[in-house]
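The two chains are supplied separately, each in an independent frame; assemble them into the complex guided by the hints.
Given next are the chains, with one letter for each unit.
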Amino acid sequence: MANSNSKDGSDLEDFGIEYASAIESTSLVTIKDKYGLFIDGEFVSSSSGKSFETLDPSTENSLSVVTEASSEDVDRAVRAARASYEKYWKKMPGTDRARYLFRIARHLQERAREFAVLETLDGGKPIKESRDVDLPLAAAHFFYHAGWADKLEYAFPQRKLEPHGVVGQIIPWNFPLLMAAWKLAPALACGNTVVLKPAETTPLTALLLAEVIRDVDLPPGVINIVTGAGATGSAIVEHPEVNKLAFTGSTEVGKLIQRSAVKRNLPLTLELGGKAPHVIFEDAALDQAIEGVINGIFFNQGHVCCAGSRLLVQESIADNFIDRLQKRIELLRVGNPLDKNTDIGAINSKAQLERIDQLVKAGIEEGAEVFKPSCSLPENGYWYPPTVLTGVQQSHRVAREEIFGPVLVVQTFRTPEEALEKANNTPYGLSAGIWTEKGSLIHWMAERLRAGVIWANTFNKFDPASPFGGYKESGFGREGGMQGLGAYLKNSGGRS
Amino acid sequence: MAGKIPIAKTYKLFIDGAFPRSESGRTFSVNNSEGELIANVSQASRKDFREAVRAARSAQSPWASRTAYNRGQILYRVAEMLESRKPEFLELLKSIGVNNRVATREIEDSIQRLVWYAGWSDKYSQLLGSVNPVSGPYFNFTVPEPTGVVGIIAPTEPAMLGLISRIAPAIVSGNTVVVVSEAQSSLTSVTIAEVLVTSDVPAGVVNILTGDQTDLLPWMVGHLDVNAVDISGISPKTDLTHLEEVASNVKRVVSRSVDEESLELISDFLEMKTVWHPIGR
Chain V
0 MANSNSKDGS DLEDFGIEYA SAIESTSLVT IKDKYGLFID GEFVSSSSGK
50 SFETLDPSTE NSLSVVTEAS SEDVDRAVRA ARASYEKYWK KMPGTDRARY
100 LFRIARHLQE RAREFAVLET LDGGKPIKES RDVDLPLAAA HFFYHAGWAD
150 KLEYAFPQRK LEPHGVVGQI IPWNFPLLMA AWKLAPALAC GNTVVLKPAE
200 TTPLTALLLA EVIRDVDLPP GVINIVTGAG ATGSAIVEHP EVNKLAFTGS
250 TEVGKLIQRS AVKRNLPLTL ELGGKAPHVI FEDAALDQAI EGVINGIFFN
300 QGHVCCAGSR LLVQESIADN FIDRLQKRIE LLRVGNPLDK NTDIGAINSK
350 AQLERIDQLV KAGIEEGAEV FKPSCSLPEN GYWYPPTVLT GVQQSHRVAR
400 EEIFGPVLVV QTFRTPEEAL EKANNTPYGL SAGIWTEKGS LIHWMAERLR
450 AGVIWANTFN KFDPASPFGG YKESGFGREG GMQGLGAYLK NSGGRS
Chain S
0 MAGKIPIAKT YKLFIDGAFP RSESGRTFSV NNSEGELIAN VSQASRKDFR
50 EAVRAARSAQ SPWASRTAYN RGQILYRVAE MLESRKPEFL ELLKSIGVNN
100 RVATREIEDS IQRLVWYAGW SDKYSQLLGS VNPVSGPYFN FTVPEPTGVV
150 GIIAPTEPAM LGLISRIAPA IVSGNTVVVV SEAQSSLTSV TIAEVLVTSD
200 VPAGVVNILT GDQTDLLPWM VGHLDVNAVD ISGISPKTDL THLEEVASNV
250 KRVVSRSVDE ESLELISDFL EMKTVWHPIG R
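Protein chains in written order, with numbering that gives the first Met the number 0: chain V, 0 to 495; chain S, 0 to 280.
Isolated chain S, as found in the complex (with noise of 0.2 Å):
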């Protein structure tokens, strides 16, 4: 009888919207916590990167210019897309060996925090801009703004609530970002870019390389078209010293606990713009 063997999912990268696979032709496997093959997943080279950025690049300026209630609704659609789908993360995250508690918990605090950050998007400027008293017939003025391109190192644990927590503080404010994702985490990172595709999260805003973080490390911290690098999820074995590129065009550095969820992470990824006008007439 036919329709017995199940049909396994191919794994690849998702850039400008789409899933294509590493232009490379490399793969590397995930296996399940018993030593067996989930998947072979596609590993991302330099020139996917650079892809990556040139999607995120052209989609910066037009997500930013959504109205902020447009772009929290949008996070706000991004939850419920996850909570219809949370049977397959449970099914995922166990089988990378999260324990069904964890697993079910870990899904919960996603869709809480995508909720969390969504309705921030129309109140985080209200807090952090301000009208400034100067000494003087001006009218004075301080906003914030998105810092642009962020390149995210995603942590590898909690697979999905650490690419859920990086992602989100970044793009409510306008940013789009670029995300490597290693190892085991890459399973659920690449079904939350599935989630994403049928979310209204316009092509580009996120774009999702799984592969090795050492190898993608260099080419994010060089790339002068990269504007921040949010390096939480960094393996505590990375040298440091593999960093020092930031400087080239004055990368922003992010590092924080790789689950925090905090106004503090949405203004990591900020810029404040003060606007002088005289006052007369």
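This is chain V alone, in the form it adopts within the complex (with noise of 0.2 Å):
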């Protein structure tokens, strides 16, 4: 097979396709050298003067340096986030608070480009994900938590609804703003205040945030940026006055705060790993599905919680989707992120490189077969080439560890009661895909997959006013949605 493939890859290449390379501007962004904590509507400096590097993972050039919070940088944030409840906030008609969100999210929009550029150089996503997705998406989160802030008792009727108070919110580096517009908008649209912390590797976004909110004049101390790495984000777990935590990250960080959260009986809601299953059934839309199965696995380089990275392709069918889906790879083209025309960008860290690459070894030590396309990477910067890996066990470690990077896993199935058995096989259950033109099928596996997203005849969409959230080890608690706005409210019967 690897040979049919590189003879179609330069039959492909006969095509003449050839992009000129499309260049955003970075003209847009003015990075400062170096940013301060946002505590109560200003840019402070650490009791401990500590501060941390953030690089354009692209190129590994300093972008700028970034303030590392202490744990008395979060005790002030938190002291920050708790008086402006009780002196604005908590006192704030929804309708208020409302139009902040609305001023927040029509910010947004008009910066939106900056933002943009600025998310793809902290990041090294490709920037037509950040500029199609990460900024709409983050401005809609606004916008569509604003309209609830003085609805919330259609939402949960009957109940004595009331804020948390002050809201921990620790966040990931893969959607660095959309991340924070997920967590931000539910609470303050809910009524709590917050004390935010970025990830290390992708702090810019929120600290661009920070001047929008107050560009918008927020109240000081309702929402309170702390840039830092785990000590930081240990400081806000065990933090005796925050009143609510909610966590996006790894499923190995999200049992740590759970244990710290359950002896205090304190509301958590959690948003942690996956390896979700993509499923391709014989008689499906086959070049749609190999979209999809694309999309799945190589959206913002596989650094997506929701990734399709176990591909579960039905046997009668599996050597020519196979085929199909790696003369496809071979037209992936990864390298500069700023780059219009660039799918797939620099990975997020060092860190995630080498895990990623010590992953694909020993699934090629446990006997996987490894296709990667012919593309050449640029020398500076940390890359990892598009992957496939056929010939994979259920019990191989790249069947059931999240890779979290373009490395898709193969494996095949009879019967849709096969399927269902290997797709429902892992401890994690966020997300499924279905791929099959048979509605009835659809809703059979649907029903029966145990994950909190299905996508069916499609792949990674997201919506404000849809829930997300998993199943098992994949976390509790949804964001998005009707459903969402429970993870901020006391009493109101969401998970919080």
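If you are wondering where the hints come from, they were derived from the structure by calculation, not from laboratory data. We treat Cβ as the ideally placed atom computed from N, Cα and C, and that holds for glycine. Keep in mind that the hints are not guaranteed to be accurate.
Claimed, not checked - Derived EDC-like pairs (lysine to aspartate or glutamate); straight-line CA-CA distance at most 16 Å:
{"no.": "1", "chain 1": "V", "residue 1": "K262", "chain 2": "S", "residue 2": "D238"}
{"no.": "2", "chain 1": "V", "residue 1": "K349", "chain 2": "V", "residue 2": "D322"}
{"no.": "3", "chain 1": "V", "residue 1": "K159", "chain 2": "S", "residue 2": "E259"}
{"no.": "4", "chain 1": "V", "residue 1": "K49", "chain 2": "V", "residue 2": "E67"}
{"no.": "5", "chain 1": "S", "residue 1": "K122", "chain 2": "S", "residue 2": "E263"}
{"no.": "6", "chain 1": "S", "residue 1": "K11", "chain 2": "S", "residue 2": "E263"}
{"no.": "7", "chain 1": "V", "residue 1": "K127", "chain 2": "V", "residue 2": "E113"}
{"no.": "8", "chain 1": "V", "residue 1": "K90", "chain 2": "V", "residue 2": "D32"}
{"no.": "9", "chain 1": "V", "residue 1": "K460", "chain 2": "V", "residue 2": "E290"}
{"no.": "10", "chain 1": "V", "residue 1": "K349", "chain 2": "V", "residue 2": "D55"}
{"no.": "11", "chain 1": "S", "residue 1": "K11", "chain 2": "S", "residue 2": "E193"}
{"no.": "12", "chain 1": "V", "residue 1": "K159", "chain 2": "S", "residue 2": "E263"}
{"no.": "13", "chain 1": "V", "residue 1": "K349", "chain 2": "V", "residue 2": "E199"}
{"no.": "14", "chain 1": "S", "residue 1": "K8", "chain 2": "S", "residue 2": "E193"}
{"no.": "15", "chain 1": "V", "residue 1": "K254", "chain 2": "V", "residue 2": "E237"}
{"no.": "16", "chain 1": "V", "residue 1": "K489", "chain 2": "S", "residue 2": "E263"}
{"no.": "17", "chain 1": "V", "residue 1": "K262", "chain 2": "V", "residue 2": "E237"}
{"no.": "18", "chain 1": "S", "residue 1": "K93", "chain 2": "S", "residue 2": "E22"}
{"no.": "19", "chain 1": "V", "residue 1": "K89", "chain 2": "V", "residue 2": "E161"}
{"no.": "20", "chain 1": "V", "residue 1": "K254", "chain 2": "S", "residue 2": "E243"}
{"no.": "21", "chain 1": "V", "residue 1": "K421", "chain 2": "V", "residue 2": "E353"}
{"no.": "22", "chain 1": "V", "residue 1": "K262", "chain 2": "S", "residue 2": "E244"}
{"no.": "23", "chain 1": "V", "residue 1": "K262", "chain 2": "S", "residue 2": "E243"}
{"no.": "24", "chain 1": "V", "residue 1": "K254", "chain 2": "S", "residue 2": "E244"}
As the list claims (entries may be wrong) - If the Cβ cut is set under 10 Å, some of the chain V residues that face chain S in the computed set are:
{"no.": "25", "residue": "P239"}
{"no.": "26", "residue": "L271"}
{"no.": "27", "residue": "G390"}
{"no.": "28", "residue": "K437"}
{"no.": "29", "residue": "L440"}
{"no.": "30", "residue": "I441"}
{"no.": "31", "residue": "R449"}
{"no.": "32", "residue": "A450"}
{"no.": "33", "residue": "S465"}
{"no.": "34", "residue": "S473"}
{"no.": "35", "residue": "G474"}
{"no.": "36", "residue": "M481"}
Okay, structure coming up:
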């Protein structure tokens, strides 16, 4: 199969499809030399004086120096959030909270290109994704939740609704601004104040959001942004004055947070890892399914908790499907994230690149066959080519562990029952994909797949009106939709 | 003359629709308010707990696959069976020191609670689910589904209403449960098991282990095939650091007042599933 593929690969090159580079300008973006912590409406320095660098992962060049929040700084942020909750936010009518959220949405729309470029610089994701997905969705999340702020009693009739108070939120590096929006918008709409920690490798768009927060005159202390790594996160988790925690990130860290929270009976929502099955039945519309599989695993370099990372393809079409998939992968453009033609950008960090590399090597050692396209990778920066592993057994690490990179693992099945058995054979349960033209089979599968989000004949679609979140070890609580509000209200009946 | 000596009931565990003794051979004694022995009750072990989880897991998918209407009818049937055994429960509650008036009320409330939840079986999903207006040509909907196997620490008081209040909201949506019931409440709990077994509740849907909650709690929170724990009935003396192991498989943790009746309690044991499908020709 590898031979026939490289032959077909050259055939495709014969079409002469060459893209001239189309580099997005960075002139819109001004990156400061150093950023403080955003506490009580101001940028302040740390009590410890510690800081760290944030890099452009596509070049390894330093972009800026960011302040590392100590536990004293976190304490200051929590106290600011508490004071702001008592002084402004708790008393403010929902209608007014809504107006602030609408304003933030509008500012994000107005400055969308600037945010998109900064997101791509700091995180390495293709500009076409930060421009067309991250930014529009982030703005939409604020806009959507703004409308809820004065309508909560319609979502939860006959309840004595109350905000939790001060919410601690910790977000990952894969969708830095979008995750901030997912966390902040519902928390604020429901009347909470927030201490937010962005990931240490991607702090810049959250810090730019702090500027927006000032520009829209949000009362000081309603949103506080503290940058740092694990120690800063722990300080938030352990802080006795935080009334609710929300975390998006790895299952490993999520479990540590749950251990800490459960002892104190502290409200908690977790959006954790995944190992999503992407099931292709023999009657699927194959061209569409190929695109769905490509999007499912290579979107954002596979740094997606709901990525379709386990391809389950029906045996009768497996050879043909994998062959076509590999041809399609040959056409993916890997490189400069600022190039508007780029499909796959840089791996977010050196640590992540090493993890991907180590897991793929483990897969090969355990007997998987590896396919990588013939594309060349830039010399500097962190890069990993789109990769497909075939001949994978259920017991292999690559079939069980989240790789969180552009690596697709392929298994086959014969019957829908076998597909289901394999699909559900994982401790995770965040998302799943189904491709078939048979409607009743879609519903049969959708009903039985143990996952919070099911994409049928599509994949990786998101919307603020659509609840998102996991089953099993992928976490609990929902983000988005009416169901997502419950996480930020007492007595709503939602999992908070 | 024969037949003058009463035949006392042996209180055993309730696992998978049967009443086995604990594999450990252990029992604990329950006395009445005068300090006289009422019964030696089976004391469940770790192994009994594992057996109960195995039964609950096997029963879960078939129970969730029943129609909502059917589950509602079965819960109503439990209420009917309870109604017919009111005198027995009254005597039991009185024997553990509940006065006649309170006991009568508790039994009535327990029956009513089952009737109330029975009626919810085919209604909560319309209130908690939704069709979502996403920005694109997709049909997008959210439906609640049962979480799976739920471990329940039953409250000691109120013995009867407490147990019914924990079980009903969990099983109405298709979860199955493993309940730990301790001390004096174990008498009513085992008797409720006798009601369940004659009420068309399939074997394994409700499993009741009498024993020591401090003994069994670590196995419950650490068991990887338990998806959620309801600790509403946990003794206030319990050290909450024992709960840390819930994180081993990210269990959902529910803690509410012991005799609460609410839609929120049903939703505590649900997962929200969202399905996307394109609209096109």
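Verification of the hints:
1. V:K262 to S:D238: This hinted pair holds, its Cα atoms lying about 8 Å apart.
2. V:K349 to V:D322: violated (31 Å)
3. V:K159 to S:E259: This hinted pair holds, its Cα atoms lying about 15 Å apart.
4. V:K49 to V:E67: With a Cα-Cα distance of about 5 Å, the restraint between V:K49 and V:E67 holds, given a limit of 16 Å.
5. S:K122 to S:E263: Given that 16 Å is the threshold and the Cα spacing comes to 13 Å, the pair holds.
6. S:K11 to S:E263: The given pair, whose Cα atoms are some 33 Å apart, is violated under the 16 Å limit.
7. V:K127 to V:E113: This hinted pair holds, its Cα atoms lying about 13 Å apart.
8. V:K90 to V:D32: Status violated; Cα separation ~38 Å.
9. V:K460 to V:E290: holds (13 Å)
10. V:K349 to V:D55: Distance ~11 Å between V:K349 and V:D55 Cα, so the pair holds.
11. S:K11 to S:E193: With a Cα-Cα distance of about 11 Å, the restraint between S:K11 and S:E193 holds, given a limit of 16 Å.
12. V:K159 to S:E263: holds (12 Å)
13. V:K349 to V:E199: holds (13 Å)
14. S:K8 to S:E193: holds (12 Å)
15. V:K254 to V:E237: holds (14 Å)
16. V:K489 to S:E263: Holds - the C-alpha atoms of S:E263 and V:K489 are around 11 Å apart, at most 16 Å.
17. V:K262 to V:E237: Given pair V:K262, V:E237 holds - Cα atoms ~11 Å apart, limit 16 Å.
18. S:K93 to S:E22: violated (30 Å)
19. V:K89 to V:E161: holds (9 Å)
20. V:K254 to S:E243: Holds. V:K254 to S:E243 sits at ~9 Å (cutoff 16 Å).
21. V:K421 to V:E353: Measuring from Cα to Cα gives roughly 28 Å; hence the hint is violated.
22. V:K262 to S:E244: holds (10 Å)
23. V:K262 to S:E243: holds (7 Å)
24. V:K254 to S:E244: holds (9 Å)
25. P239: With Cβ-Cβ at 15 Å, over 10 Å, it is violated.
26. L271: Hint holds; V:L271 Cβ to chain S Cβ min 7 Å, cut 10 Å.
27. G390: violated (29 Å)
28. K437: violated (12 Å)
29. L440: violated (12 Å)
30. I441: Because about 7 Å separates V:I441 from the closest Cβ in chain S, which is inside the 10 Å limit, the hint holds.
31. R449: Where the cut-off is 10 Å and the nearest Cβ of chain S is about 8 Å from V:R449, the hint holds.
32. A450: Check passed: Cβ of V:A450 comes within 7 Å of chain S, closer than 10 Å.
33. S465: Status holds, d = 5 Å.
34. S473: holds (8 Å)
35. G474: Holds, about 6 Å.
36. M481: holds (6 Å)
In the structure shown, a violation is registered for the earlier hints numbered 2, 6, 8, 18, 21, 25, 27, 28, 29, in ascending order.
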